[in-house]
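There are 4 protein chains.
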Amino acid sequence: MEKWDGSEGTSAFHVPEWMQIQFADQKQEFNKRPTKIGRRSLSRSISQSSTDSYSSAASYTDSSDDETSPRDKQQKNSKGSSDFCVKNIKQAEFGRREIEIAEQEMPALMALRKRAQGEKPLAGAKIVGCTHITAQTAVLMETLGALGAQCRWAACNIYSTLNEVAAALAESGFPVFAWKGESEDDFWWCIDRCVNVEGWQPNMILDDGGDLTHWIYKKYPNMFKKIKGIVEESVTGVHRLYQLSKAGKLCVPAMNVNDSVTKQKFDNLYCCRESILDGLKRTTDMMFGGKQVVVCGYGEVGKGCCAALKAMGSIVYVTEIDPICALQACMDGFRLVKLNEVIRQVDIVITCTGNKNVVTREHLDRMKNSCIVCNMGHSNTEIDVASLRTPELTWERVRSQVDHVIWPDGKRIVLLAEGRLLNLSCSTVPTFVLSITATTQALALIELYNAPEGRYKQDVYLLPKKMDEYVASLHLPTFDAHLTELTDEQAKYLGLNKNGPFKPNYYRY
Amino acid sequence: MEKWDGSEGTSAFHVPEWMQIQFADQKQEFNKRPTKIGRRSLSRSISQSSTDSYSSAASYTDSSDDETSPRDKQQKNSKGSSDFCVKNIKQAEFGRREIEIAEQEMPALMALRKRAQGEKPLAGAKIVGCTHITAQTAVLMETLGALGAQCRWAACNIYSTLNEVAAALAESGFPVFAWKGESEDDFWWCIDRCVNVEGWQPNMILDDGGDLTHWIYKKYPNMFKKIKGIVEESVTGVHRLYQLSKAGKLCVPAMNVNDSVTKQKFDNLYCCRESILDGLKRTTDMMFGGKQVVVCGYGEVGKGCCAALKAMGSIVYVTEIDPICALQACMDGFRLVKLNEVIRQVDIVITCTGNKNVVTREHLDRMKNSCIVCNMGHSNTEIDVASLRTPELTWERVRSQVDHVIWPDGKRIVLLAEGRLLNLSCSTVPTFVLSITATTQALALIELYNAPEGRYKQDVYLLPKKMDEYVASLHLPTFDAHLTELTDEQAKYLGLNKNGPFKPNYYRY
Amino acid sequence: MEKWDGSEGTSAFHVPEWMQIQFADQKQEFNKRPTKIGRRSLSRSISQSSTDSYSSAASYTDSSDDETSPRDKQQKNSKGSSDFCVKNIKQAEFGRREIEIAEQEMPALMALRKRAQGEKPLAGAKIVGCTHITAQTAVLMETLGALGAQCRWAACNIYSTLNEVAAALAESGFPVFAWKGESEDDFWWCIDRCVNVEGWQPNMILDDGGDLTHWIYKKYPNMFKKIKGIVEESVTGVHRLYQLSKAGKLCVPAMNVNDSVTKQKFDNLYCCRESILDGLKRTTDMMFGGKQVVVCGYGEVGKGCCAALKAMGSIVYVTEIDPICALQACMDGFRLVKLNEVIRQVDIVITCTGNKNVVTREHLDRMKNSCIVCNMGHSNTEIDVASLRTPELTWERVRSQVDHVIWPDGKRIVLLAEGRLLNLSCSTVPTFVLSITATTQALALIELYNAPEGRYKQDVYLLPKKMDEYVASLHLPTFDAHLTELTDEQAKYLGLNKNGPFKPNYYRY
Amino acid sequence: MEKWDGSEGTSAFHVPEWMQIQFADQKQEFNKRPTKIGRRSLSRSISQSSTDSYSSAASYTDSSDDETSPRDKQQKNSKGSSDFCVKNIKQAEFGRREIEIAEQEMPALMALRKRAQGEKPLAGAKIVGCTHITAQTAVLMETLGALGAQCRWAACNIYSTLNEVAAALAESGFPVFAWKGESEDDFWWCIDRCVNVEGWQPNMILDDGGDLTHWIYKKYPNMFKKIKGIVEESVTGVHRLYQLSKAGKLCVPAMNVNDSVTKQKFDNLYCCRESILDGLKRTTDMMFGGKQVVVCGYGEVGKGCCAALKAMGSIVYVTEIDPICALQACMDGFRLVKLNEVIRQVDIVITCTGNKNVVTREHLDRMKNSCIVCNMGHSNTEIDVASLRTPELTWERVRSQVDHVIWPDGKRIVLLAEGRLLNLSCSTVPTFVLSITATTQALALIELYNAPEGRYKQDVYLLPKKMDEYVASLHLPTFDAHLTELTDEQAKYLGLNKNGPFKPNYYRY
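Protein chains in written order, with my numbering: chain A, 289 to 797; chain B, 289 to 797; chain C, 289 to 797; chain D, 289 to 797.
Just chain A, with the same shape it has in the complex (with noise of 0.2 Å):
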């Protein structure tokens, strides 16, 4: 599928009716969209009271919940059926309310459900995923409903379920298996209630962490022969099935849905643009004006974080390994530096760079008073946060997600999320960008699920890029954005199909 020449993609590659994108009558579509119900922040209000705005971990109407496990209650929906298990199944109507607000910001995925409904591309499609569940992943479930698939639902995380969401799902017909706090007993337990059903056996995989394609590896490989594709939206997934793939063992196709270019623009350069602003304001209300900052590593997040703090007035060092991305910072203005060189004098240190250890002890020890030490990248191993605690340094705690770290001679650094994300811990991921993901996902399931056979072999492959595209068009309407199609004679001249897709595979926008 990997071919240099986009219009070889084409022609092997059909494209339904419903997928072609359109350039004219968008807009008007768009504005019909209905707005009685919908109450636009209350999702919003929701996360933000908890800790973790990505995952909402806090459940609002949980207070007065008992303590016994969801496994040990006896909870059926209002059409009698059983086949789940959430947390309370009478906080549906809360959390049904949560979806149709969503539903009203993810309208790329309304419009998916509309144009393809008619053909139900995913009819007979029986997926079993294991996601974050939130209101947008019921959007992004209800769509593959409507589009004729059937699913059952796992977490992928512990921590992340919104209760009522998942009840709201369960009150609809979805075996949802998942519920804030639960085990990690619990946690494989739910995994397996969505696999390991009688009579029911699923030909797709929806996973997000790599957890759910390990367990059926692991406890059911014979699955595998009826499975057409799994869908991998992580980073950490996609990892790991690079790494079934070189060790042989991938035994169906898989998709890696992390590395399209709208999912990667959107979660790395377009959303950190503006969170490195929000998180460090929200824990620090410091000016940006006339700061000096470094950034370590210029890849997508770190263009995001420079391109913003440069626009707010502060001076921003770039510290790169990469010799292109390095010419990149020079040329948009940014001094490359050792970090080294300008430890001393800096106000606030930020790391992107998917890498361990970037910011050690020894820089610590070197930094000035009051310097403000993130990460932006991934994981908390960028920052040597182990690194501080020891007897000699005192931690003090002086706000949600902030701690002093003070040297015996009074100097402190401020160490924001404890080094974790600050974009995921101080900030909140607007629902545009979780629209393009579950956009995202959906097609790719579209496309495993229905290409002919041999079009995908036992390998891990990236969006194709007609569907890339088809993501981006969905979300134009967002802008009143009007595409321009291209005329015969043009499309003729450049030897594209007038529906995309437009570029060579290599192709780096």
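I should point out that these hints are in silico values taken from the structure, not numbers from a laboratory. Do not take every clue at face value.
You can't tell identical chains apart in this list, so a pair holds if it fits in one copy or across any two.
[Stated by the list, open to error] In silico DSS-like cross-links for lysine-lysine, where the CA-CA straight-line distance does not exceed 25 Å: (1) Lys786 x Lys644; (2) Lys506 x Lys414; (3) Lys414 x Lys780; (4) Lys402 x Lys506; (5) Lys514 x Lys364; (6) Lys656 x Lys534; (7) Lys402 x Lys699; (8) Lys626 x Lys656; (9) Lys537 x Lys780; (10) Lys791 x Lys361; (11) Lys780 x Lys534; (12) Lys791 x Lys537; (13) Lys598 x Lys626; (14) Lys367 x Lys414; (15) Lys626 x Lys780; (16) Lys644 x Lys367; (17) Lys534 x Lys745; (18) Lys534 x Lys791.
Guided by the hints, dock chains B, C and D onto chain A, whose structure is given.
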């Protein structure tokens, strides 16, 4: 004083030794500032919990407080004085820590203390003050004390007093009359207790809003015989002074510090460039990229908002009544429109005008679904919020400071802070900005108190440029910024004193 | 006139019908402007061929001209008048086409002609002028004529006259005394021919540099009895007037139009933001991305240069003597340094100070190989070019306006325009900027001529804000910019006249 | 070679000692580069005098040249060789100085010479080349020679040869067959003289446009048996190679260097960000502030143009056919429109599409008076210029590269470079950009020549990422940029070789 020619100002204006701008050694000195005591963000953690972060309304140790009015309490500080009235003198220790933290973030005032302490330029000054009572104000008051002044103080706002800080000041011997939650009667009683003292008569006024000045005019007009001048901080208070002046009733010189260069730029341009983003994010979690925004008014505030949103990828339109500002908007890359022309298409409407009814009900009726409306200008009259309080519209509070106003057809607009100032209600004012204001106030007091007979008449004056420059110079070390000094030859060539002022009064920066 | 309060200015200042800002119909009118005659860029094609594009020194049809001094020639225009002295009256037709082209690019003056033509606000005015004589000046002169004035004109620069334009003006009946390449004796002779006329005595002066004013002071001091005012355009001329004023020798009101808001912003900030890039590219073809640049001075010119270079990916350092401008540089994201700190590492040095010897021989000695040095400030003294004219250094002219100065060790620095103004020598001044200047001059003449007795004394005044705003409003149609008009209610709330002025005089924009 | 996983690429790819990225000492070495000889801008002063600065068409010493065809001349270089054909061997000395200047501006090639000289990675290589023959090409050729290769060279364009440079190369012993102003017959004759040599057969091809490759295919197909590979530089040539490959007729490996990361970013994004401003200023002297501009196409070129114009205060609209690029335009703050929607209101239209007839006669008919139209994309087909060559329209050449096209009603549009590339016709290509291209070509030749059997098949390849990174690393010293080196621990954590490649092949930068 308001001469066209800076050089003339120079000769008429004695610059004391301590006030000379330092060109070489600031950096070293600054780096030596003590770092042991403070906990940097604690004052912020107070302010964050309040709905109005500027006035830091919520006092965190109040929960267990009794309900007795402070006026009915008998309190003494540790030195036996009872010449004060605060909520609870026992909170002094906590308040002291807050003040120590603020000292770290206000290096300019601390430098002023140090430089002028020998000369004591306020020796003999008896200052009565009426401002917000916060940790930053405390640093100002204690600076005035260190420079030789005696002070008595009341609050300019019935909600904004931090009781712990007031207690700490009282404990240190400052006669402070203020607490959070005063009645209107309390408010005037406190002011009266400041001025109506046996054996003590103020000779300087520091006012914020004009209420103190008004009270003295009304009750103790004779007091003005001994008063050397008024320093006024707020737009409203300045307006009142100009009205007095026009009416020929101003009987002492007054200094309008609100319009000093540094204060204007920081309170408006630089502060709003950041707070518009912060305010919108904290309330709505929206993504800025690709959004269409109309900013009403292209003064300093509007310029800051436009620059920030443009930098974040929004498409910004501007409305203006003043052709000069309008032409600036054009040259800065913004389409200049009437509000009507874009009201149907924009995602956000921001008012920054100082005017009233800029956004009318008619405009609100025509906005599209989910349009966000907020005010960065002044008071709460820029948006005609009153027009929305009609039976056919439903209000829904979805989050603190966020209301959805719902039309009969289901359209909703998102109104922030009920049309009050977004930057005060939903964002924070960085201490750096407060530091500039407080330093300006201190220098204005010094100038008026020390001015030779005849320099100031019974009129309203802007801060002498030399002073404005001095405020700026005291804040440069924060940025490790190194000023260049004129050579003798250059100073002669330019006809300037090497210590400034460097510009004619009409210079616009 | 210089009052703090705009509203007072309003009441004292009658705004004639034709001068009212138009809010609604400007656009339509503008679109109707005739388009048949002009060839848009022709005047530029003249200026491009010259080395000094502002003064358009090279006159393109001169090559075959005889060498006879115009003073020795007998010339008559087609109406038989010989009250002029130009190079060659036969060039009139070509000059007329140039003027027609310029008219298209100066819509503000053309609009002024149209609006004020009925009222003829300059009826009876006898204006003697001394400015550069270009097509743009011709549009100004003919506008003054259309408004009722009689004019006599000389050149303020011995090189800058466009002979064809002078001829066209002479042919139209304007007594013009100017040609390209005057001797100094010619220069004063021409001025004298303008003022020393039988039966005609000027009552208004329009000067650019103060030479005309100086001549009248020296030769015909009695003439001032009938003169209503002087309008002066240049920094130098304004400086002279302030000196006269201080010395008590200014015997008529003078208007400093150099410091009007629109002129300052366009001549400095907006024009230099573009011309710094243009000047550097045309001379060196350098790439801006990644280059390290130091800009000396952060006034309007420095601000423009810094903004442009930062936007193009350069890393910019700033030096300043004024702490306020220095703090602005910090907040705008530039490191504030002393020149010494960065002189060894920068690729480009730009002076924008108005000062002398800002870049000394010592600095030049320490620059790295290939460093580019140029001046955007004033005159040719900001860089100590004289210090480079020593035997040990070799000068090599590598291109027009570009010298390499070579040190004994082979290091070379690239000196542009021999330290004279880069923007005048190596770039062009857009007609739009000249239009703003000319409109400002016209309005200043109208104001001084029509001012009631006593409004102006024997002092130097800034252009009334109302006039400044009017100049801006006349240029808005170029951008299809739509101004908003105050409602009656709003005007009352703000205490403003609906037609302006909209700001107090101390407003900084 | 095109694997998803960088780490795999690493193991399969031997990195010779000299090619390792230097992390520490680059700076020092760079600063030692000799500075005595060069006159920095001379090569530019040549190019400036030409109308097409890229091809540097005008050869400055040609004026006195005889008209004899070089093919009819008998010329020998000082060593007695006559195996070349240039205009005039006596121009060699001047050409040599040009080459020496270019060497100073191409530090990457000079570093490559130095590092790889011991190893002589091109020993035994017989390279036939067909490119523009300029000083920069000469530096490339002499570098190839220094690395062990034998070269024979022809020009890829009949106008672009710098005769003096060709003479200098011939004098140094390079068999060069090229002169400015070849006929088409000359053109093919020169190519033939390069390949059709007794006792010498090429084993490597360096082509720019594909003409050389085409000639060998047509005339000497057997030659491919000994050829190890083709390096192709241009879009056109690459397109031909992919067509050959698809048709199964490509019989040697080919390297598409046009699509390497560094080349793409510099030729397109970074170079056009500057040249759009330069091109517009040099031709029209227009002011950018406040202008409305539509940019057709948001690829790398469009992104560069939009960023620059936005930064200069223009209001920019974008048209796109590709939804992904369209979404990027939205997030970067540009309104995405169809050309029709804004064509009546814009001041400038810029095409950057690679497509044809993007601006049609219909669009041109609807533009407003004085609208500027230009092409930054490719060839001269993006604007339908042919449609303007009709009797009812009048063309007026107002300046070099600037035509006014005049409609019967007097409306005129300003067409630049007759629709050919503005950046080539009216701006210059900085040597830094040419340096990146030449270094890329050299490394591609080394790679193909040294690749072990089987690494490359008969297909078209992108430059290995490692090589791309190496090109970038060689250019970092220009910016005094300091790369960070991975620790062993970090390299292991990331699964990367410390010397790169650092990214998977699908990485987008």
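For the identical chains here, do Lys534 and Lys791 meet the 25 Å Cα criterion within one copy, between copies, both, or neither? Between copies, since 17 Å is at most 25 Å while 28 Å is not.
Is it within a copy, between copies, both, or neither that the alpha carbon of Lys644 lies no farther than 25 Å from that of Lys367? Neither: 51 Å inside a copy, 56 Å across copies.
Is it within, between, both, or neither for Lys626 and Lys656, if the alpha carbons may be no more than 25 Å apart? Cα proximity of Lys626 and Lys656: in one copy and across copies (17 Å, 22 Å).
Under a CA distance limit of 25 Å, which applies to Lys786 and Lys644: within one copy, between copies, both, or neither? This pair counts as between: shortest inter-copy Cα distance 14 Å, intra-copy 45 Å.
Under a CA distance limit of 25 Å, which applies to Lys402 and Lys506: within one copy, between copies, both, or neither? Classified as neither; 38 Å inside a copy, 56 Å across copies.
At 25 Å max between alpha carbons, let me know whether Lys780 reaches Lys534 within a copy, between copies, both or neither. between (40 Å within a copy, 18 Å between copies)
Is it within, between, both, or neither for Lys656 and Lys534, if the alpha carbons may be no more than 25 Å apart? neither (46 Å within a copy, 52 Å between copies)
At most 25 Å between C-alpha atoms: does Lys367 with Lys414 qualify within a copy, between copies, both, or neither? within (21 Å within a copy, 80 Å between copies)
With identical chains, the pair Lys506 and Lys414 could be close in the same copy or across copies; at 25 Å between alpha carbons, which is it: within, between, both, or neither? within (20 Å within a copy, 57 Å between copies)
With identical chains treated as interchangeable, where does the CA-CA distance between Lys791 and Lys537 reach 25 Å or less: within a copy, between copies, both, or neither? between (32 Å within a copy, 24 Å between copies)
Evaluate Lys537 and Lys780 at a C-alpha cut-off of 25 Å and name the case that applies: within, between, both or neither. Between copies only: 23 Å across chains, 43 Å inside a chain, cut-off 25 Å.
Can you tell me if Lys514 and Lys364 fall within 25 Å by alpha carbon in one copy, between copies, both or neither? The answer is neither: 31 Å in one copy and 77 Å across copies each exceed 25 Å.
Against the hints set out earlier in the document, violations occur for numbers 3, 4, 5, 6, 10 and 16.
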